[in-house]
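Residue numbers (numbering that gives the first Met the number 0), protein chains in the order written: chain X, 0 to 195; chain Z, 0 to 366; chain U, 0 to 595.
Mixed in with the good hints, there may be bad ones.
Claimed, not checked - With the C-beta cut set under 8 Å, the calculated list includes, among others, these residues of chain X facing chain U:
#: 1; residue: Arg161
#: 2; residue: Gly163
#: 3; residue: Ala167
#: 4; residue: Lys168
#: 5; residue: Ile177
#: 6; residue: Glu180
#: 7; residue: Pro183
#: 8; residue: Ser190
Think of the hints as simulated: they come from the structure by calculation, not from any bench. Keep in mind that this is a model prediction, so the values were computed, not measured. Yeah, the Cβ is synthetic: ideal placement off N, Cα and C, and Gly gets one too.
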Amino acid sequence: MKTQNINIEKEIATEIQNTFHTAEVNIKRNKRIEVKLRNDLIPPFLSYAKNYLTFNHLAHFSCVDWIEQNEFELVYIIYSYEKGVIVLAKTRIDREKAEFVTTRHLWYQAETYERELHEMFGINFKGNDRLNEFILEDWEGIPPYRRDFDTVKYATDNFYTRPGREDAKDVRENVTKINKEEIPEFAKEYSVRSLK
Amino acid sequence: MREKETTLYLGPQHPGVTGNMMVKLKVAGDTVVKAETHVGYLHRAFEKLMEQRTWMQSFPIVCRICVPEPDPNEENLARAIEEIEGREVPERAKYIRVMILELSRLAAYMLWMGGQAGTAGLYTVPQWSVGDRDYIIDLFEELTGGRIYHMYIWAGGVRRDLPEGFADKVLRTMDYLESRLPEYDKLFFENAIFQKRAKGVGIIDKDKALEWGVVGPPLRGCGIKHDVRIDEPYEVYDKLDFVVPTHEGGDVWSRAMVRRQEMEQSISIIRQVIDKMPAGEYYNKVPNPLNWYVPEGDAYVKTESARGEFGYYAVSDGGLKPRRVHVRGPAYVHGVSLLEKILVGANISDVAFIMNSLGVCPPEIER
Amino acid sequence: MALNLKGIISPYNALKQAGRKPHTVQYPYKKKEAADRYRGFHFNDIQECIGCGTCSTICQNHAIDMIEIEGLEVGPGDSGLRPRVDNGRCCWCALCVDSCPTGSLSLTKDYLYVSEDPNSFLLIPGIDNPDGQNRKSWISNGNSLLDYKRIPMRELEGQERVKSFAEVVLGYNEEEARTEAARCLGCGICTENCPVHMHIPEYINAIARGDDKMAVKIIYDNNPLGETCGKVCTRRCEEICAFTKRGEPIAIRWLKRYATETVENEKMIEEIVNPTILPPNGHSVAIIGAGPGGLTAAYYLAMRGFNVMVYEAKEHAGGMIMYGIPKYRLPLDSLDKQIEYLQSIGVEIKFNTKVGKDISFDEIRQHHEAVYIGIGFEVPYKLGITGEDASGSIQAINFLREINREKHIEIGDKVVVIGGGNVAIDAARVSRRLGAEVTILYRRRVEDMPADWEEIEGAEDEGVIIHPQAIPLEIITDENNKVKAIKYANAEMIPDPKGGRPRPKIIEGDEHILEVTTVIGAIGQEADYSFLPDDIKEKLEINRGRIVVNEDRQTSIPWLFAGGDIANRRADAIGAIADGFNAVKGIEKFILKEDK
Numbered sequence: 000m001k002t003q004n005i006n007i008e009k010e011i012a013t014e015i016q017n018t019f020h021t022a023e024v025n026i027k028r029n030k031r032i033e034v035k036l037r038n039d040l041i042p043p044f045l046s047y048a049k050n051y052l053t054f055n056h057l058a059h060f061s062c063v064d065w066i067e068q069n070e071f072e073l074v075y076i077i078y079s080y081e082k083g084v085i086v087l088a089k090t091r092i093d094r095e096k097a098e099f100v101t102t103r104h105l106w107y108q109a110e111t112y113e114r115e116l117h118e119m120f121g122i123n124f125k126g127n128d129r130l131n132e133f134i135l136e137d138w139e140g141i142p143p144y145r146r147d148f149d150t151v152k153y154a155t156d157n158f159y160t161r162p163g164r165e166d167a168k169d170v171r172e173n174v175t176k177i178n179k180e181e182i183p184e185f186a187k188e189y190s191v192r193s194l195k
Numbered sequence: 000m001r002e003k004e005t006t007l008y009l010g011p012q013h014p015g016v017t018g019n020m021m022v023k024l025k026v027a028g029d030t031v032v033k034a035e036t037h038v039g040y041l042h043r044a045f046e047k048l049m050e051q052r053t054w055m056q057s058f059p060i061v062c063r064i065c066v067p068e069p070d071p072n073e074e075n076l077a078r079a080i081e082e083i084e085g086r087e088v089p090e091r092a093k094y095i096r097v098m099i100l101e102l103s104r105l106a107a108y109m110l111w112m113g114g115q116a117g118t119a120g121l122y123t124v125p126q127w128s129v130g131d132r133d134y135i136i137d138l139f140e141e142l143t144g145g146r147i148y149h150m151y152i153w154a155g156g157v158r159r160d161l162p163e164g165f166a167d168k169v170l171r172t173m174d175y176l177e178s179r180l181p182e183y184d185k186l187f188f189e190n191a192i193f194q195k196r197a198k199g200v201g202i203i204d205k206d207k208a209l210e211w212g213v214v215g216p217p218l219r220g221c222g223i224k225h226d227v228r229i230d231e232p233y234e235v236y237d238k239l240d241f242v243v244p245t246h247e248g249g250d251v252w253s254r255a256m257v258r259r260q261e262m263e264q265s266i267s268i269i270r271q272v273i274d275k276m277p278a279g280e281y282y283n284k285v286p287n288p289l290n291w292y293v294p295e296g297d298a299y300v301k302t303e304s305a306r307g308e309f310g311y312y313a314v315s316d317g318g319l320k321p322r323r324v325h326v327r328g329p330a331y332v333h334g335v336s337l338l339e340k341i342l343v344g345a346n347i348s349d350v351a352f353i354m355n356s357l358g359v360c361p362p363e364i365e366r
Numbered sequence: 000m001a002l003n004l005k006g007i008i009s010p011y012n013a014l015k016q017a018g019r020k021p022h023t024v025q026y027p028y029k030k031k032e033a034a035d036r037y038r039g040f041h042f043n044d045i046q047e048c049i050g051c052g053t054c055s056t057i058c059q060n061h062a063i064d065m066i067e068i069e070g071l072e073v074g075p076g077d078s079g080l081r082p083r084v085d086n087g088r089c090c091w092c093a094l095c096v097d098s099c100p101t102g103s104l105s106l107t108k109d110y111l112y113v114s115e116d117p118n119s120f121l122l123i124p125g126i127d128n129p130d131g132q133n134r135k136s137w138i139s140n141g142n143s144l145l146d147y148k149r150i151p152m153r154e155l156e157g158q159e160r161v162k163s164f165a166e167v168v169l170g171y172n173e174e175e176a177r178t179e180a181a182r183c184l185g186c187g188i189c190t191e192n193c194p195v196h197m198h199i200p201e202y203i204n205a206i207a208r209g210d211d212k213m214a215v216k217i218i219y220d221n222n223p224l225g226e227t228c229g230k231v232c233t234r235r236c237e238e239i240c241a242f243t244k245r246g247e248p249i250a251i252r253w254l255k256r257y258a259t260e261t262v263e264n265e266k267m268i269e270e271i272v273n274p275t276i277l278p279p280n281g282h283s284v285a286i287i288g289a290g291p292g293g294l295t296a297a298y299y300l301a302m303r304g305f306n307v308m309v310y311e312a313k314e315h316a317g318g319m320i321m322y323g324i325p326k327y328r329l330p331l332d333s334l335d336k337q338i339e340y341l342q343s344i345g346v347e348i349k350f351n352t353k354v355g356k357d358i359s360f361d362e363i364r365q366h367h368e369a370v371y372i373g374i375g376f377e378v379p380y381k382l383g384i385t386g387e388d389a390s391g392s393i394q395a396i397n398f399l400r401e402i403n404r405e406k407h408i409e410i411g412d413k414v415v416v417i418g419g420g421n422v423a424i425d426a427a428r429v430s431r432r433l434g435a436e437v438t439i440l441y442r443r444r445v446e447d448m449p450a451d452w453e454e455i456e457g458a459e460d461e462g463v464i465i466h467p468q469a470i471p472l473e474i475i476t477d478e479n480n481k482v483k484a485i486k487y488a489n490a491e492m493i494p495d496p497k498g499g500r501p502r503p504k505i506i507e508g509d510e511h512i513l514e515v516t517t518v519i520g521a522i523g524q525e526a527d528y529s530f531l532p533d534d535i536k537e538k539l540e541i542n543r544g545r546i547v548v549n550e551d552r553q554t555s556i557p558w559l560f561a562g563g564d565i566a567n568r569r570a571d572a573i574g575a576i577a578d579g580f581n582a583v584k585g586i587e588k589f590i591l592k593e594d595k
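With these hints in hand, go ahead and build the complete structure from the sequences.
Here you go:
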């Protein structure tokens with residue numbers, strides 16, 4: 000591994016920390032800074048990062064479904080061409096009442112990202128008036144990229160499988176039959192074959 | 000008299016893109032007044048599918064995100080996993096990866112050249128360039144076992160070492176392609192029809208380009224010198240000698256010139272890679288793919304693809320399968336927000352032409 | 000605007016291409032041969048394949064089914080299934096090839112197939128395309144995704160070992176165990192060779208996931224002596240592990256050892272296993288012999304509500320695992336922990352009660368509805384040579400028992416052990432620990448020794464000299480009838496014309512004398528049935544010293560069950576455990592059916 004020179008990252012991190020006291024700033028590696036913010040601080044932070052810290056490139060805007068905590072994590076990945084550093088600005092929003100504000104006024108292309116997240120996760124971006132149909136067509140039911148959307152069920156409900164493959168056997172099951180072995184109920188989920 | 004506005008549906012099959020994508024145009028006479036991109040014809044929910052597969056099982060999926068240039072996908076996913084896990088990649092594998100990436104860039108530019116000329120009505124160029132691209136695809140077939148979807152780069156390195164005599168074959172192909180470039184110049188780049196069509200068309204505002212998220216050749220076609228290979232060198236790009244060509248103007252012509260010059264750079268990079276490639280291991284074996292728990296963490300990695308910054312945001316929750324993989328294709332910006340903007344005021348016959356110059360690849364938008 | 004004359008003329012340069020040889024089409028037409036690594040249709044070497052189904056599991060397109068093949072005859076270590084590829088779904092990524100443990104699966108150069116019949120897209124590689132053998136292109140030669148090397152087990156150094164009876168094998172630490180467990184493919188073929196069919200892939204997967212407690216719970220499902228097996232099992236399972244064809248099998252035994260060793264005491268075992276104990280059903284079963292088989296039967300009977308009484312002649316439970324296996328392989332505290340757990344859930348053991356002496360067999364029969372005999376082989380075979388009765392000539396089995404009782408036995412400084420089984424090796428290694436120089440004399444070659452290769456290696460590391468193809472002739476004694484030396488002859492191996500294993504034949508005149516202080520015989524044991532009343536003995540079917548039992552370990556006398564060395568030829572703990580486990584089903588069937 001190269002020795003990592005992270006002076007500029009330290010500078011940026013300190014500056015962010017001094018401006019946003021509640022932010023959790025963490026230098027992940029060289030050229031990567033992670034900033035965790037309260038969700039109401041995201042718009043001022045992005046505006047500050049863009050206009051004062053030269054992070055003028057919105058490289059990516061993503062959402063991660065942490066269903067266990069009932070939260071969505073929004074991740075803005077912004078890049079400064081001048082400093083050559085990427086900031087991952089993260090915040091968590093409520094999953095039930097999935098709502099956030101648009102950042103279209105900062106980056107014109109944020110509109111597209113917001114359209115996607117609206118469609119796939121059902122997040123409503125206030126201020127974005129173009130949250131119309133984007134990738135999906137006539138979609139009903141829960142947004143498909145939420146973790147609780149069952150793709151296998153969707154596929155079996157909507158498509159038929161080709162005939163002629165019903166004779167497939169599970170190897171582990173077949174071996175237990177040869178053995179006359181009984182796998183107790185509590186152990187069954189540990190059969191790796193359940194990967195499917 | 001103000002002309003009546005008509006709605007025109009361009010696509011989903013049309014020569015402007017590799018794939019299917021529809022542009023709904025409002026036109027007045029021959030002039031576009033408003034454009035709206037409609038995607039969804041190629042949506043296969045790859046990102047969702049990956050969440051139901053183990054990390055290694057995801058590799059055969061990601062290459063399908065871009066047909067003309069699948070390798071940045073594989074390389075990005077591999078590098079994202081390696082970054083999360085802290086896995087070292089053997090030096091030789093890094094060189095092989097760069098060779099693959101540059102070969103695929105060349106192949107993608109060949110295909111672009113065919114498309115760009117085709118949309119201008121110059122049909123000899125696609126005949127040539129698709130044929131010449133086949134020589135690169137033959138190389139891929141020999142190296143990776145697949146012609147289009149290579150499934151060759153994966154976490155920890157690459158799947159197989161170079162076959163015997165492969166480096167020489169690559170060099171011979173490079174010599175051949177290099178000898179063809181002047182012929183393409185005469186046929187295509189110097190062609191008066193192309194120049195007439197391309198100059199001053201589809202202009203991207205240089206002042207807005209960075210903020211709008213323009214990347215890759217369209218950005219360099221605005222005279223702005225940014226390239227992931229230079230800005231944030233990955234693999235072994237920092238050990239290679241190459242220049243990043245730029246061209247002023249921001250129109251289709253400048254983008255074409257940037258790509259034309261980059262083809263020479265790619266050939267030079269491939270020669271350097273073969274010259275400098277060290278011997279040794281090509282794969283740092285990952286654990287059994289059925290039982291590989293990638294530690295908790297996230298990573299954003301990016302590659303300079305033929306169309307610009309190609310990024311992967313991958314999140315692991317410490318489990319067998321990805322929590323989330325989100326792909327950022329350059330076409331995401333180029334094909335929607337940027338396209339909708341610069342098509343306004345364009346001539347209908349230039350729509351596909353402009354689209355091609357931006358390198359729009361619909362599967363990157365909807366995945 | 001100036002006329003771009005150059006731009007108009009230069010494209011016409013292309014006209015000169017008209018005279019060139021075309022690149023793409025060849026006349027006469029020649030079919031393009033795919034590259035040497037091309038990923039085309041599958042081929043499977045049906046004889047090499049063991050039907051582990053990893054290809055089917057790894058296939059991210061769900062394109063591979065495992066199906067039964069008509070007329071396919073398979074031996075042990077094979078699931079009997081073979082892959083069938085749905086070429087309508089396959090994407091030829093070759094993950095299946097790169098994760099095939101046996102290397103039987105490959106992709107070929109064939110890529111063209113046209114048919115109107117969709118069913119013909121289901122290809123059974125190797126059966127539908129036998130000619131694929133010669134068209135193989137993408138093979139996993141040394142490029143496998145799998146790890147064929149097991150995590151090495153850390154052991155005490157040979158010189159360090161002989162200083163004490165400390166455990167030789169140190170066991171995996173957590174990281175080693177997780178890594179080793181992660182290698183497992185979960186096919187479960189190994190379970191075919193386990194006599195009790197432990198749920199091996201399940202507990203290994205639990206270890207890989209970091210859930211050691213679940214692993215222990217799964218182990219106790221059909222083996223109450225998991226820790227013992229984790230240390231000393233003969234692990235026939237590892238012999239048929241899917242990895243053995245091209246590499247080292249998963250360290251199944253050491254993983255079991257790791258999981259069970261994480262549990263510190265019998266209370267924790269009970270908490271983890273949390274057994275469901277049925278209320279007493281009023282039936283009573285006697286177990287003769289508290290060896291591994293008897294204890295297993297007692298444990299599962301007790302869980303099913305039976306009143307169980309175990310009669311043990313000695314002062315400690317465990318049978319051969321207590322008295323036969325040296326403590327550097329199975330420490331006493333480990334055994335105590337396991338037995339105390341069995342007692343804690345209701346297994347009653349009457350110690351120092353030898354049936355036929357302290358209590359009569361008839362009395363036992365009167366008090367219980369069924370009897371399980373697991374007395375083991377305790378009577379050693381004699382060497383049958385002169386001088387065998389001299390002082391200083393002892394039997395390994397007695398020697399080990401007394402040492403395990405921490406009694407002192409004087410063996411002097413030069414010991415010779417006769418035999419090649421695990422008992423012989425144990426006796427030799429124990430003698431080393433008592434400070435003697437040890438030589439093993441064995442009739443056949445080293446590779447013929449029935450002992451575990453790990454044990455043989457361990458003995459050699461500790462300085463035991465193994466002298467194969469040596470047949471003892473006479474024990475030479477001094478005037479006090481004390482062992483002075485042993486006379487033996489070297490032997491040559493004569494191939495068996497019938498194809499059996501070669502037999503040793505003494506080389507005339509090649510005789511040697513080795514001065515020794517002690518001779519330890521270890522050429523096998525047999526059972527002592529003298530406690531059985533004559534009428535029982537008469538009715539009981541005994542074949543070559545072993546009681547004949549059915550699948551339920553039921554003897555020719557319906558209420559009498561038997562297991563362990565006296566009923567099977569495996570001569571190991573797990574074989575006895577399996578007998579005990581299966582006898583429970585038999586006893587339950589026998590008693591409860593009688594009930595109805």
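Structure-based check of each hint:
{"no.": "1", "hint": "Arg161", "result": "holds, 7 Å"}
{"no.": "2", "hint": "Gly163", "result": "holds, 5 Å"}
{"no.": "3", "hint": "Ala167", "result": "holds, 3 Å"}
{"no.": "4", "hint": "Lys168", "result": "holds, 5 Å"}
{"no.": "5", "hint": "Ile177", "result": "holds, 6 Å"}
{"no.": "6", "hint": "Glu180", "result": "holds, 4 Å"}
{"no.": "7", "hint": "Pro183", "result": "holds, 5 Å"}
{"no.": "8", "hint": "Ser190", "result": "holds, 6 Å"}
The structure agrees with every numbered hint stated previously.
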